[in-house]
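**Student:** What follows is each chain in one-letter form.
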Amino acid sequence: MAKDVDWIGFSEATVVTAVASAAGGLLVKLIDLPNVAMVYLLGVAFVASRRSKAAGVVASVLAVLAFDFFFVPPSGFSLLVADLQAFLTFLVMLVVSLLISTLATRVRKQSEVASFAAVQVQTEKARADLLSAVSHDLRTPLATIEGSASALMQQGELSEQSRQLAGSIVHDSRRLSRLVSNLLDMTRVQGRIELDADWYALDELVANAIMRTEPLFDQPITLLVQPETPLVWADGVLVEQVFVNLLENAARHAGQQAKVNVEIGRVGDMVEAVVTDNGPGLPTGAESKVFERFWGAPGMGAGLGLAICRAAVVAHGGTISARNVASGGARFAVALPTREVQNA
Amino acid sequence: MPNGLTIVLIEDEPAIRRFLKASVGKDDVVWHECESGSEGLKVISKVNPDLVLLDLGLPDQNGLDVLKLLREWSSVPVMVLTARGQERDKVQSLDGGADDYITKPFSVNELWARVRVVMRRVKRGQTAERAVFESKGLVLDFEAHRVSVRGAEVRLTPIEYRLLALLARNAGKVLTHKTILAEVWGSGYEDATHALRVHMGALRAKIEPDASHPQFIRTETGVGYRFLDE
Numbered sequence: 000m001a002k003d004v005d006w007i008g009f010s011e012a013t014v015v016t017a018v019a020s021a022a023g024g025l026l027v028k029l030i031d032l033p034n035v036a037m038v039y040l041l042g043v044a045f046v047a048s049r050r051s052k053a054a055g056v057v058a059s060v061l062a063v064l065a066f067d068f069f070f071v072p073p074s075g076f077s078l079l080v081a082d083l084q085a086f087l088t089f090l091v092m093l094v095v096s097l098l099i100s101t102l103a104t105r106v107r108k109q110s111e112v113a114s115f116a117a118v119q120v121q122t123e124k125a126r127a128d129l130l131s132a133v134s135h136d137l138r139t140p141l142a143t144i145e146g147s148a149s150a151l152m153q154q155g156e157l158s159e160q161s162r163q164l165a166g167s168i169v170h171d172s173r174r175l176s177r178l179v180s181n182l183l184d185m186t187r188v189q190g191r192i193e194l195d196a197d198w199y200a201l202d203e204l205v206a207n208a209i210m211r212t213e214p215l216f217d218q219p220i221t222l223l224v225q226p227e228t229p230l231v232w233a234d235g236v237l238v239e240q241v242f243v244n245l246l247e248n249a250a251r252h253a254g255q256q257a258k259v260n261v262e263i264g265r266v267g268d269m270v271e272a273v274v275t276d277n278g279p280g281l282p283t284g285a286e287s288k289v290f291e292r293f294w295g296a297p298g299m300g301a302g303l304g305l306a307i308c309r310a311a312v313v314a315h316g317g318t319i320s321a322r323n324v325a326s327g328g329a330r331f332a333v334a335l336p337t338r339e340v341q342n343a
Numbered sequence: 000m001p002n003g004l005t006i007v008l009i010e011d012e013p014a015i016r017r018f019l020k021a022s023v024g025k026d027d028v029v030w031h032e033c034e035s036g037s038e039g040l041k042v043i044s045k046v047n048p049d050l051v052l053l054d055l056g057l058p059d060q061n062g063l064d065v066l067k068l069l070r071e072w073s074s075v076p077v078m079v080l081t082a083r084g085q086e087r088d089k090v091q092s093l094d095g096g097a098d099d100y101i102t103k104p105f106s107v108n109e110l111w112a113r114v115r116v117v118m119r120r121v122k123r124g125q126t127a128e129r130a131v132f133e134s135k136g137l138v139l140d141f142e143a144h145r146v147s148v149r150g151a152e153v154r155l156t157p158i159e160y161r162l163l164a165l166l167a168r169n170a171g172k173v174l175t176h177k178t179i180l181a182e183v184w185g186s187g188y189e190d191a192t193h194a195l196r197v198h199m200g201a202l203r204a205k206i207e208p209d210a211s212h213p214q215f216i217r218t219e220t221g222v223g224y225r226f227l228d229e
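Chains as they are written, first to last, in numbering that gives the first Met the number 0: chain U, 0 to 343; chain G, 0 to 229.
The shape of chain G in the complex, shown without the other chains (with noise of 0.2 Å):
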């Protein structure tokens, strides 16, 4: 569970508003609920968390509009709760500043699970950039631009390195094609998903040794990419 954590949750729901408090336990969690977006946004500028937990359908006001309004003076994390079929929401709130998304329904353990990559991003971010990436088996020096699988090292064109240290960077963090065209590609190519895939289809056949189960880079549909970061 989230220890030591003050979370703000926003949502409308009062059977998943108590089940969520429900799993946050006796631990040493600070738990705030809020049932509209305005009221929510009051509760995070007094309590000021560690975490917020969006609900996308609330009653008063759109999340996203929420999430708007928040990231004017905030940039607390935000767990988006969303439904299936919403991957239009689920951009919008990638794009919007959120960090990560949840579709409902979940089991709380998923949910957590999902916090804690969060947390760990951001407790990353604070600390100073690494010269070295390294998980399961992949490291990428910064630095040499080098890339080794298992020992091995891989020969990528620098479309695919940028790609590659991009979503490494933001390990664990879903970044839209949106994002990752404005990054790796510069604006005005925001439109070209085609190269995108392209691109990222051929680093994919580089780094995974199976296709049909990725280890690093995790498609998300509709969306974007995630390096997978558990």
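Bound conformation, chain U alone (with noise of 0.2 Å):
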């Protein structure tokens, strides 16, 4: 892309030459002579602090010309005068000229990089405000939802349709519990996401995130732990959340009866944990877009699953990856950091 002459700037440099010349004249039965020329740099000084450099370089140009033109004796009104002098006020406008537009400019960037940090940290401020808004406005009535069918549960008097009912209340209030929190989620690892990372033995948040998921498996889910295993620097609720939505999606997509193990070790200066299942697989050429957003998913908040999963992990320096185990079923490894990692 060409640069844009800068137009405003040469006509800016054009008429305040015209206005110092102006001054200048009205000037020089007072004051002597180098002291004109003075008025000519605070001229070019002006041009050069507001306009571009090629604008202070014209503003220059023109105030020797017409300082040369109108007031340099013997001529007065002649270009003919060239002498050492004249190339010395030239030089010295010229100098000045671009050392206060350099500096104009700098300071004009860095400015700009300051205002657009300031917007950045207010926007990350509104989402999160905005977020936590969301969240409560939505998560109150939701735990008023699920408290109050709990207690219905328990009241002696209810017949057993009854007491059904209020189960499915309860079972469904916290599904959409559920979704509400992949959305949330979601929008948290869009934006930049603050770690609140420390030091965790990857199997802790794992076994966790098999005790929260058994319900959804008719057999127990296997964990196995090389040792040695180091710890990972780790934002410990977010990475067990990763490993709740890997396990869903295997209940999801293997189905209840399938066989779920997770491998723990040290691949390299990563800490892999391998997720595997026994059911049909991803589909061929799916690897790569599993993991994107409502990818092969009925439902909004279902189809969040693996793309919070890669966001998380990403934000953590890791690794996300899915294949098909030679067997047959769905084989996703998630590699994290084993030393302490700056916020991605």
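In short, the hints are calculated from the structure, not lab data.
Do not rely on the hints blindly, as some may be mistaken.
[Claimed, not checked] Sample of chain U residues facing chain G (criterion: CB under 10 Å; computed from the structure):
#1 Ala142
#2 Ser149
#3 Gln153
#4 Ser161
Quantities reported herein were computed from a predicted structural model and do not represent experimental measurements.
Ideal Cβ positions, reconstructed from N, Cα and C, are used throughout, including at glycine.
Build the complex: two chains, separate frames, hints provided.
**Tutor:** This is the structure:
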């Protein structure tokens, strides 16, 4: 792209030089000639500080020409005197204009960067505020629904049918809470995540995820941990959720009868957790698509699970991948760093 | 249900107050509810309850501040009602003297089960310290410094033993990392979570038969550890 020509700057240089000439003309009776040059210099500085470098150069050229033409004796009103003095005046003006325009450009850039950062901070804060407001507004009624329905189930005089109906309310209210959590997690991981990181033994987080998702499976999930597996530097709550999502995903696609294994061990300078199931596996070519939002999901909240996993793992400086095992069945591998990392 | 107790609930949401009250039923529970922290503190000083249920998101003041004020003059058991994703609040309430927390949304049977654990622990604390702790086949002899699981002796390092003893003495209660580090390592080591995780991992490997289903020590992610007391 060609650089825009600073026509406004050039016009300003011309106008300012004219004004300086006029002022010089008025003052020449009262002040010495070198001080008239100062009036031009003032004009050059003015243009250079407000406009582009090119406009500053144009202003210095015009100023020298005008000064020389109007004021420098002996010729008066001529351009013939091109002696050393005129050249020096020009040089000074040129250098001053270049210095000032360079400084001005730098200051402008800095303030732009600063205001951009301020806007970003504001946006992040607005997002966080909105998130916590939405989260509160959605969760409070959900807490009332689950709590009230569960209190109803305890009432002694309830018929079996009423109890079942109250049970359905509790069950689906929990489901809704999970979906809301998914949406909120997605919003959170889409922004710049503030990791609340600390040292964790990954198997403790995975064990919690297993206990939370166990009701979805008929068979117990097995967890194998290699001895001497190092700790990971992670946001525990977020990473636990990653494994809850992976296990829920296994239950959804491999079914309730699925046999799920998790193996944890060191791989290079990462700790890797591999979740395998014995279900139908991923459709051909879907290995990377599964982590896209809403991929292959009929419902919104459900389609977010794996996308949240990827965003959360990436924010940790880790990796996540999916493929099929030779015997069929899907295999998800999550690797997390074993050292402290700065927020990505 | 929590029979024979005087309970003060501090919660600003009327619908939540309603179902909690309904769930205590017509048993001999003396039930007081307050909408705000200041009112709650007044009522607590008047009725001297057995238990306080404290919502952290109150309109007039932060629940943590209410807890702080309350702890200046009362040791009444406090169960904090909090929301998901507020692990820092959970940690702060536990460090500030809360006995336990429950995350909204919850079912009332979960809440009262947790309350029972808290009340049992409080009652146990009033009797003399036991010389031997026993839970689900784990036996901890405080005098002999000996631990066995299902009859087989387990050899623990001094730090592992101190970790287990601390958690067992507080069975049922979540201990924050800060508390554990201060008790086991002493002051000045509050940031040594790396060491805490390593020793806890070694301890768990020695006493837990199945890593995926810890029977004794539960990780409360982002908060601390709890010795399961069921």
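**Student:** Mind checking the CB of Ser161(U) against every CB in chain G and telling me if the closest is under 10 Å?
**Tutor:** Not OK, violated: Ser161(U) not within 10 Å of chain G, min 15 Å.
**Student:** Any CB of chain G closer than 10 Å to the CB of Gln153(U)?
**Tutor:** OK, holds: Gln153(U) within 10 Å of chain G, min 6 Å.
**Student:** Verify the interface restraint on Ala142(U): the C-beta must sit less than 10 Å from at least one C-beta of chain G.
**Tutor:** Since chain G brings a Cβ to about 4 Å from Ala142(U), closer than 10 Å, the hint holds.
**Student:** How about Ser149(U): closest beta carbon in chain G under 10 Å, or not?
**Tutor:** Hint holds; Ser149(U) Cβ to chain G Cβ min 4 Å, cut 10 Å.
When each numbered hint is compared with the structure, a violation occurs for hint 4 only.
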